[in-house]
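Enquirer: In numbering that gives the first Met the number 0, the protein residues as written are 0 to 493.
It cannot be assumed that every hint is accurate.
Across the chosen pairs, the derived CB separations fall in these ranges [to be verified]: (1) H298 with V106: 44 to 50 angstroms; (2) P235 with A164: 24 to 30 angstroms; (3) A410 with G335: 41 to 47 angstroms; (4) E258 with E434: 39 to 45 angstroms; (5) P333 with S248: 38 to 44 angstroms; (6) G224 with K364: 19 to 25 angstroms; (7) P333 with K364: 25 to 31 angstroms.
Capping the alpha-carbon separation at 35 angstroms, the derived lysine-lysine pairs in DSBU-like fashion look like this [as the list claims (entries may be wrong)]: (8) K297 with K239; (9) K462 with K297; (10) K325 with K66; (11) K325 with K364; (12) K297 with K325; (13) K367 with K409; (14) K303 with K367; (15) K348 with K325; (16) K66 with K367; (17) K303 with K66; (18) K66 with K462; (19) K348 with K409; (20) K367 with K239; (21) K239 with K462; (22) K66 with K239; (23) K364 with K409; (24) K409 with K455; (25) K325 with K239; (26) K239 with K348; (27) K462 with K364; (28) K367 with K348; (29) K455 with K364; (30) K364 with K303; (31) K325 with K367; (32) K325 with K409; (33) K303 with K325; (34) K66 with K409; (35) K348 with K364; (36) K348 with K66; (37) K303 with K239; (38) K297 with K348.
Because the hints were derived from the structure by calculation, they are not lab data.
Every residue gets a Cβ at the ideal spot worked out from N, C-alpha and C, and that includes glycine.
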Amino acid sequence: MSTSDKGSTRRATGRRSTWIAVLGGIIILAAGSAYFDEPGASKRPPGLQEGRPEVAREPSPPAEGAKSPIERVVFLIKENRTFDNYFGRYPGADGVSRGRISTGEMVDLRVATDVLTHDLGHEFLDGVRAINGGRMDGFDLIPIGGASLDGYTSFTREGIPNYWAYADNFVLGDRTFSPMYGPTFPAHLYTVGAQAGRVTGNKLNRGLFSREKNGRVGAYCSDRGETINRFTRLSPTERKVVMDAEEISDLERIEEFYEVVRPCFDFRVLPDELNDAGISWRYYATPGDWRNALHAIKHIRYSKYWGPNVVTPQQATEDVRQQRLKEVSWVIPPTGFNDHPGAGTSVCKSENWAVRYINAIMRSKYWKSTAIFMSWDDFGGFFDHVPPPHYDVMGLGPRVPMLIISPYAKAGYIDHTTYELSSVVRFIEDIFGLEQLTRRDRQSSNMFNAFDFRHKVNADERKLILPLRECTGLPVDSTISYRTGWRAFAAAQD
């Protein structure tokens with residue numbers, strides 16, 4: 000058993016008072032640890048040597064004294080899918096075609112359809128419920144209209160051929176975990192700050208009469224009517240209570256430690272580090288959306304960076320074509336093109352959106368020096384069989400897909416290193432020589448294992464210009480009722 004395997008099975012052992020993290024083959028144990036994402040938590044965890052990147056197995060950093068060939072990093076963040084849902088059938092990856100439900104029964108993962116007409120539960124407590132102490136058998140209990148097996152599906156190559164083509168030619172990470180149990184907004188905070196400010200939910204109670212200067216309805220820092228749930232500042236004893244509350248029967252104990260606050264924060268984020276170092280950046284996200292983390296960072300929202308640096312996702316591809324790609328980019332596709340189930344969203348159209356953007360980079364002068372990380376923010380209610388490591392009271396959550404696309408990405412490589420979304424933050428920090436923000440990015444692998452920086456590459460030969468697909472919606476018009484219940488599966492034959 001590898002060290003990363005040991006880290007992932009801790010939950011099932013019942014040793015809930017300790018956490019296990021894997022850092023380049025080092026296992027660190029700490030009883031009753033503090034939040035890894037606590038604002039201002041800057042001390043390096045015990046056991047790590049200052050100045051040494053925590054690369055995982057088979058590290059491939061730049062040769063000694065050499066400059067990294069990566070000059071631009073793109074973090075493309077999609078929505079609500081687990082690894083088993085997208086890549087559980089991918090050859091050689093750690094995936095399954097069957098899953099356990101709350102009765103102990105094993106069920107087949109039906110072939111997923113292009114459109115799932117409704118959303119699935121993926122709130123913070125839904126994640127705890129689904130993981131259920133490491134048993135990974137509570138996904139049928141997530142309450143969207145009642146108990147359901149709608150999350151027990153997985154795609155074949157025919158359903159997402161271009162995502163699989165990226166895996167064939169570049170790097171597929173099969174041990175990347177969501178940074179927390181769910182849902183969307185706090186997971187996106189991790190992508191910019193390696194923390195969520197203790198937030199455990201999406202925003203609530205939108206104030207319809209709070210408006211910005213441009214007349215639009217306000218959001219986050221510009222809406223005094225919005226609220227959000229987060230953990231209070233827990234004492235060591237309280238942290239232990241929450242850390243031990245891993246099972247379905249413990250959910251009410253977790254909620255006892257919630258407080259309600261305005262979703263407007265002022266902790267340091269990666270754009271601050273980039274600004275200090277003179278490194279250009281741009282954040283593409285819909286204003287006011289749950290996926291727009293920087294809208295809730297006060298000193299960004301009301302700064303000179305808000306207009307030129309925080310823009311809509313519709314501008315992303317055109318910026319590449321017009322040679323305006325920044326050194327660091329976050330790209331959050333708009334609603335309807337982000338893989339999120341429900342509201343008629345087509346996975347095919349969502350895949351096309353990503354392919355169009357990545358094709359633009361591959362056709363540009365930037366391709367030869369760019370690394371693209373495409374991942375999904377949270378589990379979205381879909382089944383995954385791998386118990387996540389328990390780093391702190393926030394998570395980790397279930398696995399999500401990770402595709403790493405670059406001329407320097409290993410070809411056709413399945414990376415079994417343990418990552419979470421803060422690992423991309425760590426990669427950016429290490430590539431550009433920046434300080435880590437929190438304990439989360441300090442303890443993360445820097446993802447160098449996915450790259451070969453020691454050998455020269457022909458960037459043109461690594462281009463993979465993919466065709467856009469014709470999207471027709473559901474692949475079949477039949478349904479199979481898998482279980483007496485409120486909703487049937489839309490099913491397709493493998």
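Enquirer: All the hints need checking, so say for each whether the structure fits it.
Expert: Hint-by-hint comparison with the structure:
In this structure the supplied range 44 to 50 angstroms holds for H298 paired with V106, their Cβ-Cβ distance being about 48 angstroms. Distance hint check for P235 and A164: the Cβ-Cβ separation is about 49 angstroms, which falls outside the suggested range of 24 to 30 angstroms. Checked against the given bound of 41 to 47 angstroms, the beta carbons of A410 and G335, roughly 33 angstroms apart, lie outside it. For the pair E258 and E434, the beta carbons lie near 30 angstroms from each other, so the given range of 39 to 45 angstroms is not met.
For the pair P333 and S248, the beta carbons lie near 39 angstroms from each other, so the given range of 38 to 44 angstroms is met. Separation of G224 from K364 is about 46 angstroms and departs from the stated range, judged on CB atoms against 19 to 25 angstroms. About 26 angstroms separates the C-beta atoms of P333 and K364, a value consistent with the hinted range of 25 to 31 angstroms. Under the criterion of a C-alpha separation no larger than 35 angstroms, the hint pairing K297 with K239 is consistent with the structure, at around 31 angstroms.
A distance of roughly 40 angstroms separates the Cα atoms of K462 and K297; the hinted pair therefore is violated under the 35 angstroms criterion. Between K325 and K66, the direct Cα distance comes to roughly 19 angstroms. Compliance with the 35 angstroms bound is thereby established for this hinted pair. For the proposed pair K325 and K364, the alpha carbon gap of about 13 angstroms is at most 35 angstroms, so the pair holds. Restraint check: the Cα-Cα separation between K297 and K325 comes to about 23 angstroms, which is no more than 35 angstroms; the hinted pair holds.
A threshold of 35 angstroms between alpha carbons decides the hint, and for K367 with K409 the separation of about 14 angstroms falls inside it, so the pair holds. Restraint check for K303 and K367: the C-alpha separation of about 31 angstroms stays at or below 35 angstroms, so the hint holds. Distance check on the hinted pair: K348 and K325 sit about 26 angstroms apart at the alpha-carbon level, within 35 angstroms; holds. Among the hinted pairs, K66 with K367 is consistent with the structure: their alpha-carbon atoms are about 14 angstroms apart, no more than 35 angstroms.
Under the criterion of a C-alpha separation no larger than 35 angstroms, the hint pairing K303 with K66 is consistent with the structure, at around 32 angstroms. Taking the CA atoms of K66 and K462, the gap is near 23 angstroms; set against the 35 angstroms cutoff, the hint holds. Proximity of K348 to K409 is assessed by CA-CA distance (about 27 angstroms); at most 35 angstroms being required, the pair is judged to hold. Straight-line distance between C-alpha atoms of K367 and K239 comes to about 48 angstroms, which puts the hinted pair past the 35 angstroms bound.
Proximity of K239 to K462 is assessed by CA-CA distance (about 49 angstroms); at most 35 angstroms being required, the pair is judged violated. Restraint check for K66 and K239: not satisfied, since their Cα atoms lie roughly 44 angstroms apart, outside the 35 angstroms limit. For a cut-off of 35 angstroms, the pair hint linking K364 to K409 stands: about 21 angstroms separates their Cα positions. A threshold of 35 angstroms between alpha carbons decides the hint, and for K409 with K455 the separation of about 12 angstroms falls inside it, so the pair holds.
With a C-alpha separation of about 42 angstroms, the suggested pairing of K325 with K239 is violated against the 35 angstroms cut-off. At most 35 angstroms may separate the alpha-carbon atoms for a hinted pair to count; K239 and K348 exceed this at roughly 44 angstroms. At most 35 angstroms may separate the alpha-carbon atoms for a hinted pair to count; K462 and K364 meet this at roughly 12 angstroms. The suggested pairing of K367 with K348 holds, with an alpha-carbon distance near 27 angstroms, which does not exceed 35 angstroms.
Using a Cα cut-off of 35 angstroms, the hinted pair K455 and K364 holds, with the two alpha carbons roughly 17 angstroms apart. Proposed proximity of K364 and K303 is supported: the alpha carbons are some 29 angstroms apart, at most 35 angstroms. Between the alpha carbons of K325 and K367 the distance comes to roughly 14 angstroms, so the proposed pair stays at or under 35 angstroms and holds. For the given pair, K325 sits about 24 angstroms from K409 by alpha-carbon distance, which is consistent with the 35 angstroms threshold.
Between K303 and K325 the CA atoms are separated by roughly 17 angstroms; this keeps the pair inside 35 angstroms, and the hint holds. This hinted pair checks out: K66 and K409 have alpha carbons roughly 19 angstroms apart, not beyond 35 angstroms. Distance check on the hinted pair: K348 and K364 sit about 26 angstroms apart at the alpha-carbon level, within 35 angstroms; holds. With a C-alpha separation of about 38 angstroms, the suggested pairing of K348 with K66 is violated against the 35 angstroms cut-off.
With a C-alpha separation of about 42 angstroms, the suggested pair K303 and K239 falls outside the 35 angstroms cut-off, and the hint is violated. Between K297 and K348 the alpha-carbon distance is near 34 angstroms, which keeps this suggested pair within the 35 angstroms criterion.
Violation of the numbered hints given earlier is confined to hints 2, 3, 4, 6, 9, 20, 21, 22, 25, 26, 36, 37; the remaining hints are satisfied by the structure.
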